[in-house]
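*Asks:* Here the protein sequences come in this chain order: A and B.
Heads up: the first sequence at position 92 corresponds to 91 in numbering that gives the first Met the number 0, and the numbers run straight through without jumps.
Heads up: the second sequence at position 65 corresponds to 64 in numbering that gives the first Met the number 0, and the numbers run straight through without jumps.
Hints are not guaranteed to be accurate.
[To be verified] Lysine to aspartate or glutamate pairs mimicking DMTMM-like chemistry, simulated, CA-CA at most 20 Å apart: (1) Lys66(B) with Asp128(B); (2) Lys26(A) with Asp103(B); (3) Lys40(A) with Glu152(B); (4) Lys116(B) with Asp101(A); (5) Lys137(B) with Glu92(B); (6) Lys40(A) with Asp127(B); (7) Lys156(B) with Glu139(B); (8) Lys26(A) with Glu166(B); (9) Lys66(B) with Asp103(B); (10) Lys26(A) with Asp84(B); (11) Lys115(B) with Asp61(A); (12) Lys40(A) with Asp84(B); (13) Lys116(B) with Glu152(B); (14) Lys37(A) with Glu139(B); (15) Lys34(A) with Glu123(B); (16) Lys4(A) with Glu123(B); (17) Lys34(A) with Asp65(A); (18) Lys34(A) with Asp127(B); (19) Lys42(A) with Asp128(B); (20) Lys105(A) with Asp61(A); (21) Lys26(A) with Asp127(B); (22) Lys115(B) with Asp122(A); (23) Lys4(A) with Asp81(A); (24) Lys112(A) with Asp127(A); (25) Lys42(A) with Asp84(B); (26) Lys26(A) with Glu92(B); (27) Lys37(A) with Asp84(B); (28) Lys66(B) with Asp24(A); (29) Lys137(B) with Asp103(B); (30) Lys4(A) with Asp120(B); (31) Lys58(B) with Asp24(A); (32) Lys112(A) with Asp129(A); (33) Lys37(A) with Glu123(B).
[Stated by the list, open to error] One side only, chain B facing chain A, incomplete, derived with CB under 8 Å: (34) Gln52; (35) Asp103; (36) Val104; (37) Asp120; (38) Gly121; (39) Glu123; (40) Gln125.
Honestly, the hints are just simulated from the structure, not real lab data.
C-beta atoms are modelled at their ideal positions from N, C-alpha and C, and glycine is treated no differently.
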Amino acid sequence: MRLEKCWFCSSTIYPGHGIQFVRNDAKIFRFCRSKCHKNFKMKRNPRKVKWTKAYRQLHGKDMTKDTTFEFERKRNRPERYDRNLTEQTLKAIPLITKIRHDRLEKHISNRHKPGKRKEMEKDSKELDQDIGMLPKKLISNEVTAEKTKIKVKVVQQQTEDNAMEE
Amino acid sequence: MAAFLRSKCPSVGRTLMGGLGNSLFGAANSSVEAVTRSSHCDAISQQIRTFIQMRTNLKVVDNSGAKRVMCIQSLRGKKGARLGDTIIGSVKEAQPRGKVKKGDVVYGVVVRAAMKKGRSDGSEVQFDDNAIVLVNNKGELIGTRVFGPVPHELRKKKHLKILALAEHIV
Numbered sequence: 000m001r002l003e004k005c006w007f008c009s010s011t012i013y014p015g016h017g018i019q020f021v022r023n024d025a026k027i028f029r030f031c032r033s034k035c036h037k038n039f040k041m042k043r044n045p046r047k048v049k050w051t052k053a054y055r056q057l058h059g060k061d062m063t064k065d066t067t068f069e070f071e072r073k074r075n076r077p078e079r080y081d082r083n084l085t086e087q088t089l090k091a092i093p094l095i096t097k098i099r100h101d102r103l104e105k106h107i108s109n110r111h112k113p114g115k116r117k118e119m120e121k122d123s124k125e126l127d128q129d130i131g132m133l134p135k136k137l138i139s140n141e142v143t144a145e146k147t148k149i150k151v152k153v154v155q156q157q158t159e160d161n162a163m164e165e
Numbered sequence: 000m001a002a003f004l005r006s007k008c009p010s011v012g013r014t015l016m017g018g019l020g021n022s023l024f025g026a027a028n029s030s031v032e033a034v035t036r037s038s039h040c041d042a043i044s045q046q047i048r049t050f051i052q053m054r055t056n057l058k059v060v061d062n063s064g065a066k067r068v069m070c071i072q073s074l075r076g077k078k079g080a081r082l083g084d085t086i087i088g089s090v091k092e093a094q095p096r097g098k099v100k101k102g103d104v105v106y107g108v109v110v111r112a113a114m115k116k117g118r119s120d121g122s123e124v125q126f127d128d129n130a131i132v133l134v135n136n137k138g139e140l141i142g143t144r145v146f147g148p149v150p151h152e153l154r155k156k157k158h159l160k161i162l163a164l165a166e167h168i169v
């Protein structure tokens, strides 16, 4: 029994799932479900279809180079049965998947970090330039105090003028 | 943006090699213009593939001389023949100097079927076309070579000679 990868979306195909399509040049395409199979029949390129692993790795959304991938490389030579080796491998598999998952999450969060920095830059720029557009609640007390100061000066001058006129 | 992608491509290609193999590069060339003829493609790609029955045209993939055979009778199954079954056919197209001529009635073993065949491990196999190999009524091959991939379902049907001559067993 061998766990294959879907040709279109690169997910694992477990026994009893999916279809194998054999082309006349003896190339075998395995699909995990009919969604991938139908996309293949429509001649869609998996590198252009957003939800596939091929697209994500090509566009840097998921990590590509990592030592944890080396464990999953296809080996065509069967290993001689060794009970200890089998036990250790079975114990190692969940550890490796956990490490790979953690590294993948870190990669994705690092990808989102520049976005946070950009957001903060945008906010500070907005405070400098468009402070009049912001609702009063968001502006700090110091700034509002400055604003009110200026207003008071203009009012005093007006009253003086009125007194003069009368 | 294109330059960035191109710079990413070499490293990605190498790492993808292990998982996806050469299949992506081979099929990528043929799968570019999908949008323009999508409606036509959909009609063809959503075909439901069924049994090999009377009037089915099959490709002959050995060097017996015939090129196309039309099925007259399937020797197994009420609905028609499947992968690995024998059929009786009439040769519709043949090469000028071959062991069979046009109009001959021949037996054949189906080696590739467009209809899915279930395997004992739960997977399903499907080929690109319907193909047969000509056989005499005793079950011996007429030709001496077999072209293209053949499934190992033939082993169970005791067509070991075909498997021995096959280029590629799936």
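*Asks:* Any hints this thing doesn't respect? Which numbers, in order?
*Replies:* Per hint list: 2, 3, 4, 5, 10, 11, 12, 14, 17, 22, 23, 24, 25, 26, 27, 32, 34, 35, 36 violated.
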